[in-house]
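In order, the protein sequence lines correspond to chains S and B.
Going by the numbering used here, 404 is the number at position 272 of the first sequence; the sequence numbering is gapless.
Going by the numbering used here, 363 is the number at position 231 of the second sequence; the sequence numbering is gapless.
Some hints could be false.
Note: identical chains are not told apart, hence a pair may lie in one copy or across any two.
[Claimed, not checked] Computed cross-link-like contacts, DSBU-like style, restricted to lysine-lysine with a CA-CA straight-line distance of at most 35 Å:
#, residue 1, residue 2
1, LYS422, LYS224
2, LYS423, LYS268
3, LYS380, LYS352
4, LYS224, LYS162
5, LYS224, LYS330
6, LYS162, LYS228
7, LYS429, LYS224
8, LYS228, LYS429
9, LYS330, LYS228
10, LYS391, LYS228
11, LYS332, LYS268
12, LYS228, LYS332
13, LYS268, LYS422
14, LYS429, LYS268
15, LYS224, LYS423
16, LYS422, LYS228
17, LYS268, LYS391
18, LYS391, LYS224
19, LYS422, LYS352
20, LYS429, LYS330
Read the hints as simulated data drawn from the structure, not as lab findings.
Number of protein chains: 2
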Amino acid sequence: MVSGLEFSAITEAAQRIRSHVHRTPVLTSKAIDGMCGATLFFKCENLQKAGAFKARGACNAVFSLSEEEAGRGVLTHSSGNHAGALAMAAQKRGIKSYIVMPNNAPAVKQAAVEGYGGEIHFCEPNLTARESLTDKIAEQTGATLIHPYNDLRVMAGQGTAALELLEQVQDLDMVLTPVGGGGLLSGTAAVVNRLSTKTKVIGAEPQGADDAFRSFRAGKIIPMEEPNTIADGLLTSLGDLTFEVISKYVHDIVTVSDKAIIAAMRNVWERMKIIIEPSSAVPVAALMDKKLNISGKRIGVVLSGGNVDLNRLPWS
Amino acid sequence: MVSGLEFSAITEAAQRIRSHVHRTPVLTSKAIDGMCGATLFFKCENLQKAGAFKARGACNAVFSLSEEEAGRGVLTHSSGNHAGALAMAAQKRGIKSYIVMPNNAPAVKQAAVEGYGGEIHFCEPNLTARESLTDKIAEQTGATLIHPYNDLRVMAGQGTAALELLEQVQDLDMVLTPVGGGGLLSGTAAVVNRLSTKTKVIGAEPQGADDAFRSFRAGKIIPMEEPNTIADGLLTSLGDLTFEVISKYVHDIVTVSDKAIIAAMRNVWERMKIIIEPSSAVPVAALMDKKLNISGKRIGVVLSGGNVDLNRLPWS
Chain S
133 MVSGLEFSAI TEAAQRIRSH VHRTPVLTSK AIDGMCGATL FFKCENLQKA
183 GAFKARGACN AVFSLSEEEA GRGVLTHSSG NHAGALAMAA QKRGIKSYIV
233 MPNNAPAVKQ AAVEGYGGEI HFCEPNLTAR ESLTDKIAEQ TGATLIHPYN
283 DLRVMAGQGT AALELLEQVQ DLDMVLTPVG GGGLLSGTAA VVNRLSTKTK
333 VIGAEPQGAD DAFRSFRAGK IIPMEEPNTI ADGLLTSLGD LTFEVISKYV
383 HDIVTVSDKA IIAAMRNVWE RMKIIIEPSS AVPVAALMDK KLNISGKRIG
433 VVLSGGNVDL NRLPWS
Chain B
133 MVSGLEFSAI TEAAQRIRSH VHRTPVLTSK AIDGMCGATL FFKCENLQKA
183 GAFKARGACN AVFSLSEEEA GRGVLTHSSG NHAGALAMAA QKRGIKSYIV
233 MPNNAPAVKQ AAVEGYGGEI HFCEPNLTAR ESLTDKIAEQ TGATLIHPYN
283 DLRVMAGQGT AALELLEQVQ DLDMVLTPVG GGGLLSGTAA VVNRLSTKTK
333 VIGAEPQGAD DAFRSFRAGK IIPMEEPNTI ADGLLTSLGD LTFEVISKYV
383 HDIVTVSDKA IIAAMRNVWE RMKIIIEPSS AVPVAALMDK KLNISGKRIG
433 VVLSGGNVDL NRLPWS
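Okay, chain S solo, but in the shape it has when bound (with noise of 0.2 Å):
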């Protein structure tokens, strides 16, 4: 086994999901094709239950667990998006999920961990105090861990958004995702490799968080520090097993600046009538940037999520 993440993984993963989160459609613009100089193919995880492609990914962990595992609940520590997709997965099982947060998470997020009944544990906001809160919930009710991205029930089931664009789009010259733990990312290049060789998967992350940009580039993982973007879904580092399978199959990953992330954004609001997170905006923002030679070429996006505060637009 050259990588942790086997490609059966998520065929199996999509067949275990199916019934529990959204086939999202793929949309196109010609507005922002024209914009590019190409033809985008936007695969709409931003429509995915709970607003983004983490309920895949929870989907998959939660369903995967044996009767006697699952009777124990999960458990997870996130401020983000995985929070609340790991609270839903768990009350679709009708399992207890248990979601170790900083007591600084913005009200909407601690709102949707609430709605799919998950059970809110805070802490203060560094990382000692969140691992040690962490095992102490582990160690009491005997939960799995399921960690957010570093984990190949995880990227498993987060690989199964390119299956179905690979099914909703053919020949497609290159797939970009947004990158920050590394879990969209790994999945979508562990299935584009397999089935589409010719497709080229590049990543795209913001400048304020760019551990996997240099990461990718001295062949080891180097830990973000004090990551600082608007791109609050991307600030976590890749972890060894999402850094090994991007190693092996992501043909690059660029960077694009908060500026250019906030304009991508208010363009796809603007143009396709669709709200996105400033984290799903990083690949268009590339597109747009014309920091990939991409004139002419057909090129899928994952937008990863629509979870933003509307009261709080980074325009207003």
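Put chain B on the given structure of chain S with help from the hints.
Same frame as chain S, now just chain B:
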């Protein structure tokens, strides 16, 4: 012929415009279903080209013209989505479009028309000025007037959204659309009456522009004197052609407050991650406000458009 709008005109329109418009997706939302106590199917014309169902009627009208008529261009008066849609349709056919707009029309609507190569002619914002300028341009250019709704070609085109909806979702108990001038509602009603007699068709209207509600009950057109609503796409009054079809095939018309419209609009943005304009939110508001007996029913909702000024959101 009992109604001026023949079903065959709608199926012909579908063929005629197929390569010019999107077959829009139907989306669902468990969260909004829960709020309404029914199962809703949203036909997303906000994701249509030029951001509204108006692309359908405009394309059908423009591509119905003879070569000789087309050569003289098309003409309309509109400050809304029909203006942009007609300019787009004309651009697709490679002909001129003349758009009469009040000089206080939103900058974003002007930009849309210009973006599609339409020629804008400004008039004072009153009926007399609008009609005299429209007549003058018609006389000078010989352009064909394409009325925003009271035109059988336009009504037939708008009906194609319901044709698709009934292919995409079976067994609907009810279909709701917003009603302004009645183009969308009449086209929808003609289709549903023919293809699914058990399905009721309901129009939803803002309380501040309730001429269709009052006309429907009075059995004659009662024009709106001073409409006042946030649903800026629904300020117009029914025409004789749309009123005839609506009287015959629509089961009821309900009204909702602007407050309910804004709340419904925000719920759709937050839960479904799609951008809809206030007019689109009108039928959603009717369902959320329990204006109808919908418990446990399967309901189609046409989301009419998604053109909003992101700098001026109703909740900010």
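Alpha-carbon proximity context of LYS422 and LYS352, limit 35 Å: within (27 Å within a copy, 58 Å between copies)
Identical-chain pair category, LYS332 with LYS268, by Cα at 35 Å: Close neither inside one copy (43 Å) nor across copies (57 Å); limit 35 Å.
Alpha-carbon proximity context of LYS268 and LYS391, limit 35 Å: neither (41 Å within a copy, 47 Å between copies)
Alpha-carbon proximity between LYS162 and LYS228, which holds within one copy, between copies, both or neither at 35 Å: For LYS162 and LYS228, only the inter-copy Cα distance (20 Å) is at most 35 Å; the intra-copy one is 45 Å.
Up to 35 Å CA-CA - LYS330 versus LYS224, copy category: between (38 Å within a copy, 34 Å between copies)
LYS330 and LYS228: within-copy, between-copy, both or neither at 35 Å Cα: So LYS330 and LYS228 fail the 35 Å test inside a copy (43 Å) and across (43 Å) alike.
LYS422 and LYS228: within-copy, between-copy, both or neither at 35 Å Cα: The answer is between: 33 Å across copies meets 35 Å, while 46 Å in one copy does not.
Homomeric proximity label, LYS380 with LYS352: Cα distance no greater than 35 Å: So LYS380 and LYS352 pass the 35 Å test inside one copy only (12 Å; across, 71 Å).
Alpha-carbon proximity between LYS391 and LYS228, which holds within one copy, between copies, both or neither at 35 Å: neither (40 Å within a copy, 38 Å between copies)
Homomeric proximity label, LYS228 with LYS332: Cα distance no greater than 35 Å: Cα proximity of LYS228 and LYS332: none, with 40 Å in one copy and 42 Å across.
Intra/inter-copy verdict for LYS268 and LYS422 if alpha-carbon distance must be at most 35 Å: Neither, since 47 Å and 47 Å both go past 35 Å.
35 Å Cα threshold - placement of LYS224 relative to LYS391: Classified as between; 34 Å across copies, 39 Å inside a copy.
Hints 2, 9, 10, 11, 12, 13, 14 and 17 from the earlier list are contradicted by this structure; the remaining hints agree with it.
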